[in-house]
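Make the full structure from the sequences, and use the hints.
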Amino acid sequence: MRLPVLLQAPADPIPVRPIRIDADTTPRRLTLRVMAAAPRQIWPASILLVMHQIGESLVPVIMGFAIDQAVATGDPVRLALCVALLGADFALLSYSYRFGSRFGLLGIEAVQHRLRTLVADRLLDPKGVKGRAGLPGVSLSIASSDVTNLARAVSIVPWPAGELAAVLLCGTVLMVLSWELGLIVLLGVPLLLFIMDRAGGPLRRRSHDQSALAGEASGKAADLLAGYRVLSGLGAQAAAADRYRKASRDALDGSLHAAGAQGVYTGSMNLASGLFVAGLALVAGLRAWNGDLTIGQLITVVGLTQFIMGPLGTLAKNAGTVWAAALASAERVLSILQLPPHDAAHGTAIPEPGDGKLSLAGVRTANLDGLDLDVAPGECVGLRAAPAAAADLAALLSASAEPDAGTVTWQGRPFSEYDLEALRRTVLVVPHHAALFDGTILDNVGLLTADRAAVDKALDAADCAEIIDAAPDGLQTEVGEDGLRLSGGQRQRIALARALAQEPPLLVLQDPTTAVDSVTESRIAERLREARGTRSTLLITDAPALLAVCDRVVDLRTPDLPEETA
1 MRLPVLLQAP ADPIPVRPIR IDADTTPRRL TLRVMAAAPR QIWPASILLV MHQIGESLVP
61 VIMGFAIDQA VATGDPVRLA LCVALLGADF ALLSYSYRFG SRFGLLGIEA VQHRLRTLVA
121 DRLLDPKGVK GRAGLPGVSL SIASSDVTNL ARAVSIVPWP AGELAAVLLC GTVLMVLSWE
181 LGLIVLLGVP LLLFIMDRAG GPLRRRSHDQ SALAGEASGK AADLLAGYRV LSGLGAQAAA
241 ADRYRKASRD ALDGSLHAAG AQGVYTGSMN LASGLFVAGL ALVAGLRAWN GDLTIGQLIT
301 VVGLTQFIMG PLGTLAKNAG TVWAAALASA ERVLSILQLP PHDAAHGTAI PEPGDGKLSL
361 AGVRTANLDG LDLDVAPGEC VGLRAAPAAA ADLAALLSAS AEPDAGTVTW QGRPFSEYDL
421 EALRRTVLVV PHHAALFDGT ILDNVGLLTA DRAAVDKALD AADCAEIIDA APDGLQTEVG
481 EDGLRLSGGQ RQRIALARAL AQEPPLLVLQ DPTTAVDSVT ESRIAERLRE ARGTRSTLLI
541 TDAPALLAVC DRVVDLRTPD LPEETA
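The sequence shown runs contiguously to residue 566 in UniProt numbering.
Simulated DEER-style distance windows between Cβ atoms: (1) Q476 - E526: 22 to 30 Å; (2) I14 - D369: 50 to 58 Å; (3) R17 - A405: 44 to 52 Å; (4) R529 - G354: 17 to 25 Å; (5) K357 - P126: 19 to 27 Å.
The set of hints was computed from the structure by calculation and includes no laboratory data. All figures in this text were calculated on a predicted structure; none of them were measured in a lab. In this text, a Cβ means the ideal position worked out from N, Cα and C, and glycines have one as well.
Written out as structure tokens, the structure reads:
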């Protein structure tokens, strides 16, 4: 039986305050909003960490009091009380830090999860995004390391709050003992913090450059792995490795420069803190030499002087280094979050259940010149087109693009009037390069349906029996990231089976069998019509076997041939 753990992270994501992102959001504003995003965790963390630093500060005060009031007088009762007071103080500083740090880390993790989901939602927006989001590896770098750096900005609130509380308490105690000592602390600390902020500028620039170089190297590495088989076939592994080696070297140089800048910054701030503490100790020593301080008070001053160096040193890291890295990462995170949606004008209509008619009238794009095309309910239409024209048509039918002229309608209504996700479930477009997800064959084919009978029927129609029989674990065989453990033909058949299993009213397939042999292609063609039944299908392909099973074929590639053939 597992006992409950206090402040253990719950199974569900911890709710945080919404992090507003708009066109006017700057990296600094985003970082400040992130810092304020988890008040339910950060306020308790701040209070507890302040208590911890107060407890730390009180140790030399209690020691000095004990020496003057118990040791010097030889009073055992006072000595026992001072020992008990010291034990209570250590219990306070230990437990307040333990639970304060837990609250703080929970807040950081909660905000980090929220930021990562925001980035993922933006990248996976069904409407797509305008502009270039970067290579997949770059996006991964932003969603991982940059989001982590930005979420650490949450720590700038609780930890420096405790450190500042310690400095202020030390200054107050020293002010009581000697106004000169207190004045040095209360005037010197704000000046030191101002110097920290000014000196952090170069570090912020270095952090941004290092993140960009690391992201570029990650992007090239991801592309290299994705295209490794093609590179092997072309014998271009050496050239690709040289490109990645250069990017990796640039990223390493950027990391070393950023680390060097951080080292110089931290070392300089520690030196400034050390000089500050040394000056404080010098003044205290002179006061004791003149007899203005007792032995206990001198021990208190020396202890506080030694202790205050810790909070001052960590202020340079928590309020300086973390802030600089968060600002640099916030700029890269905003490069994704501020990408506008590709088309924000879609309506909210839901397609009627059942079959419908697809109609394209006078459609013009860069590669389509006044296309007129109808696909009636239950009809299987083949279409031959140049690759660029086929890509334009697939983009139109998947509602990823709008025509320059003409209309695209389903059930008599323009695509723009429909809810985008509902439309895409109804008119399912399977691109030529369909992605598989990391998981098993069954996970991929049954991704959007719980009907096992439909999955089995789709696997048979896509001629996947050979794949399943040869796989070590059958349907439970892992396909790897993007299906890299499968051959090109196997990936195509699994992707085709996944599309067929969803049984959409209209299925659009773009070159679904280019990587399979002719015998397999013929079997797929024969089974495809049966699998689709009375539902509509549009096949964008040049494959004779697939075109042969169509009700009619529309040819856009050869102007001197008839437009339609039965």
